[in-house]
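Chains A, B, C, D and E are the protein sequences, given in the same order. For the first sequence, the positions run 1156 to 1395 when my numbering is used. For the second sequence, the positions run 1163 to 1381 when my numbering is used. For the third sequence, the positions run 1163 to 1381 when my numbering is used. For the fourth sequence, the positions run -16 to 232 when my numbering is used. For the fifth sequence, the positions run -16 to 232 when my numbering is used.
These are computed hints drawn from the structure, not numbers from a lab. You can take every hint at face value.
Subject to a maximum C-alpha distance of 16 Å in a straight line, what follows is the list of computed EDC-like cross-link-like pairs (lysine to aspartate or glutamate): (1) K1210(A) x D1251(B); (2) K1173(B) x E1189(A); (3) K1261(A) x E1246(C); (4) K1173(B) x D1185(A); (5) K1315(A) x D1347(B); (6) K1358(A) x D1347(C); (7) K121(E) x E1381(C); (8) K1275(A) x D1251(C); (9) K1173(B) x E1186(A); (10) K1358(A) x E1246(B); (11) K1281(B) x E36(D); (12) K1281(C) x E36(E).
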Amino acid sequence: SSTSAGESESDQKTIVIGIDDKFAPMGFRDENNEIVGFDIDLAKAVIEKMGATPKFQPIDWKTKESELSSGRIDLIWNGYTITDERKEKVLFTKPYLSNAQVAVTKADSELTELHDLEGKVVGLQSLSSAADALNANDISKNVKEITEFSDNVLALSDLKSGRLDAVIIDEVVIDYYMTKEKDTFKILDESLAPEEYGIGVKKGNEQLLNELQSALDALIEDGTAGEISKKWFGEDRLLK
Amino acid sequence: MSFDYILSVLKPMLEGAQVTILLFLIAIVISIPFGFLLTLASRSNIRMISWMAQGYIYIMRGTPLLLQLLFICFGLPMLPVVGEYLVLDRFVAACLGFILNYAAYFAEIFRGGLLSIDKGQYEASQVLGMNRWQTLTRIIIPQMFRVALPAVANESVTLVKDTALLYAVAVPELLHFAQTAVNRDFTILPFFLAAIIYLLMTLILSLFFKFLERRFKFE
Amino acid sequence: MSFDYILSVLKPMLEGAQVTILLFLIAIVISIPFGFLLTLASRSNIRMISWMAQGYIYIMRGTPLLLQLLFICFGLPMLPVVGEYLVLDRFVAACLGFILNYAAYFAEIFRGGLLSIDKGQYEASQVLGMNRWQTLTRIIIPQMFRVALPAVANESVTLVKDTALLYAVAVPELLHFAQTAVNRDFTILPFFLAAIIYLLMTLILSLFFKFLERRFKFE
Amino acid sequence: MSIITVSNLKKSYGDLEVLKGINFNVDKNDVVAIIGPSGSGKSTMLRSLIHLEEINDGTISIDGQELVKNGVYAKAHDLKQITSKMGMVFQHFNLFPHLTVKENLEIAPKMAKKEAIKVIQQRSEELLHKVGLTSWAKSYPAKLSGGQKQRVAIARALMMDPEILLFDEPTSALDPELTGEVLQVMKDLAQEKMTMIVVTHEMGFAKEVATKAIFMDNGEIVESGEPGALFTNPQFDRTKAFLQRSLSS
Amino acid sequence: MSIITVSNLKKSYGDLEVLKGINFNVDKNDVVAIIGPSGSGKSTMLRSLIHLEEINDGTISIDGQELVKNGVYAKAHDLKQITSKMGMVFQHFNLFPHLTVKENLEIAPKMAKKEAIKVIQQRSEELLHKVGLTSWAKSYPAKLSGGQKQRVAIARALMMDPEILLFDEPTSALDPELTGEVLQVMKDLAQEKMTMIVVTHEMGFAKEVATKAIFMDNGEIVESGEPGALFTNPQFDRTKAFLQRSLSS
Ligand SMILES: Nc1ncnc2c1ncn2[C@@H]1O[C@H](COP(=O)(O)OP(=O)(O)OP(=O)(O)O)[C@@H](O)[C@H]1O
Ligand SMILES: Nc1ncnc2c1ncn2[C@@H]1O[C@H](COP(=O)(O)OP(=O)(O)OP(=O)(O)O)[C@@H](O)[C@H]1O
Ligand SMILES: [Mg+2]
Ligand SMILES: [Mg+2]
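Chain A extracted, bound-state conformation (with noise of 0.2 Å):
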């Protein structure tokens, strides 16, 4: 599979989906610079199925909306977490994976639980829902310092290497890197708030959302898309 699968065949449209490529396991790098990813696998399947062809975006996920929104991109997947300002803003597919925002800090920190958090260094990921989390929790007017990152990796790397304290970031993505890297992080008890992936659409293109959307539910049906969960995470994580 390539990056730019794009004009294969002339009559198939492309539509094309913005992604961070760096947001494993969602959507990111392999070793060969091939995006790959649970989110990349079931977008394949689901514009296929629409008998469409999928091309992947990577964007700086800071600029999400505003890719969405000039038409340069058809749609935002790549665990885009539905929250009610983004709602103003995008059409959301009905949820299909569900994740929460939590605290990660290194494995040997003496820190446990949300409220240590206090008079910490806490980094996320720029215009992520990981940022509207942590302002809704009230610890967040106690930690020292917010920092924003382009993406999540640069966050735990920082992490790693001790600039931060802790990081915000998605469950599902920590999860991923904790297979990977063992004994490097650990999750505070508490997560900070439950939330759902969806698929962003521009508004004003119902057509699109609509089409996706039974497309997205015919794959959960036949079990193709709980495949790819297994493929990913071990198990089918798909909300039915």
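Got chain A sorted already, so can you dock chains B, C, D and E with the ligands onto it with the hints?
Relative to chain A, chains B, C, D and E with the ligands alone:
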């Protein structure tokens, strides 16, 4: 750090470098003549034109290229009414941003080049019966380019390095892939590789301009 | 576009501008003398020193500042063994990157300034019985700074604009907040505001240097 | 008959009146030396003749045609045709640095497109021979000494076949050692009866070669006449003072 | 007694032998004019005296002390002390553009710290008066004419109280009109019995003021002697040819 690993990291980075080179070529080929037109406009006898050109140059040189790129790529589509017609392909948008920005810098360089040309050159051309157009094209511009060459070389090297900004408008380039690999593999090596590729590109460019300078030394 | 809205967008941007200004001041104050030392080193009679200085200048000028920032901030901690001692505070890392980079540019500027000083100045100083140190500090450096002033001004304006790169090492600056607001509110206005703030900053800086140039005109 | 007549020529820069009503004639084959202290308006006057300066008032006729009449200039097309009868040699040569010596000579005739390239090339070779620079044809001006540059500049002016040659201090920018070769070329031209107007500080040349000398001071012609007489027996104190200063130094 | 003796002075640039064994003496209160064609080595010789050029062989004594003996230079400290007996005036003035006229005069004495600032300031005022530039004390050099600059340069050299003054073509970079004022200052110095060595193209000055003339050609001293005799009755053809060329132009 096996050789295979280096190769596997290098491949996407070299693909990114192609984007860099392509954008560089497009930007330089268009922004140099455009910059020269701006120079002429800024020296125009018509006040309005000269003001507008100078204002343009001032704004482009006074704000970050990164802001200009974001503006063109994400800002323009948000303009009311006309916005929807201003959605450019992101590579086209990037080229446009670089061209608009660098034209202003080249315009300043050429302005300096024109100023450095002695009044006597115009006078000699005039008394020899050459008209304004002949004087400009045969006498002034060749000398101006010669004078401007070192500054143009400098600016071109800066242009190569500025392509690192492309990722802000989601055009995948060299540095982005290096960063991806650094984060994924937790090694500093890709940064070194990227530095070497940039150094090679800027070195070749510098040598090319050195050659031009020697070629047009007029001695 | 209510006035309240503008204010609410402007507030974080102005806070970001403070970071910009702080970094600018630190970087300029340190990189100018450091650059001058580099100039002297690159003209040293000791081959090793002059080569190292020139190599340093070449590498810093041949690779993107963005790469250098990423290298210092995220690359250094990944070095084996020593990495853990190289975890700098991100603002410190950013300052360091700007200083190391700009020192190379200032070194080149000062080198040009030194070259522009007529041999006769050294000879006159010598026959008047001034020693090398007196000649350097009283005769050469003041003239060199005068000659270099316009180029230093230019470079300083570039430095202000380059602070837009701070976002890459997660130091929140002006442009970052503008981008956040644009993406959140779907309006181009914050980009305009950012442009105006940058223009103001570069304008004030230019005026300051114009003043210096007039002050040290020696006429 | 006069080939140049200038009457009541006035020229100001802002409030500064630089030429205060100049009158003089130049006959065909004359060699006119214009002398006078710095700032007296010599250059301005010379440059006005060939329309490098716009005058404020007065009349200039060249070869019977009026370049400017009572301060009103001829039409653009006529202007060009009238000034084309004159060539000019500058103090700082003003060679085109990006062209070789030969190209310097040939560019203007080629642009004018009046003659076949063959003819132009033949003449450029002749003229280079005349000024003794045949072997430098392919060199760029940067390689030449000042004296050689000025000889190229003279040859370049001659390429346009002018009836009158104007010189503005042609040897002032040269090392004393190099003035001789330029003056020699000018003497040769005088011998061939070229009409010349020469602003100069070279009193030797003025005395020896000029058929007429004009002494200017403060925007006016103080006196003029046969050079021998003017130098040995000036009528006015201003002339006397100037000559004393010039000859003693 | 000779204040300067030069014997067997040799100097090469790479393969180019520029000075081929020069011998001459200068007595106290002499005014020596050095003349000769371009490239003959005049400047190199003069600059060697004050250690702006390192010579390859030969001996130079200044006021009884050996600056260099058979090609071996004195120790650094002595070098400085010996050269401090001489002052030098350059063709292109070499004033310090970032200092005012008065500061130009005072900087070197102040650096030397041998005298009280009061004394230095008093002398700078005297010398400015002497060269007629009192009213320009606070101006920067850029504001001055060439002649004024050169007078400042002379005053600056005098501030160090030299016993010998060297001039390298002090008027060559000046408009002819401005040479007079510089030559006048030099004449005054000659009258006050300053020992001077002057490389010059000003034959008038050489004849009138110099007590001795040296004609150099091709790295050698061709002849030397009393200027009147040398100019009117040169012994060698080379001298004759040079004088003819110089005086005619
Ligand atoms: N472009 C100009 N603008 C203003 N004043 C000028 C300009 N050109 C010349 N002048 C003034 O006009 C006067 C005459 O100048 P001009 O060059 O004709 O004198 P000149 O006799 O040729 O002197 P020189 O011997 O120094 O060449 C001078 O006072 C000069 O300052
Ligand atoms: N730094 C140098 N390197 C190489 N050659 C030099 C250097 N300085 C002078 N020369 C050569 O030495 C010779 C003598 O030069 P010098 O300047 O002493 O002559 P000069 O008699 O003063 O001439 P001029 O009258 O033109 O000043 C010339 O051939 C010159 O080209
Ligand atoms: Mg003049
Ligand atoms: Mg000399």
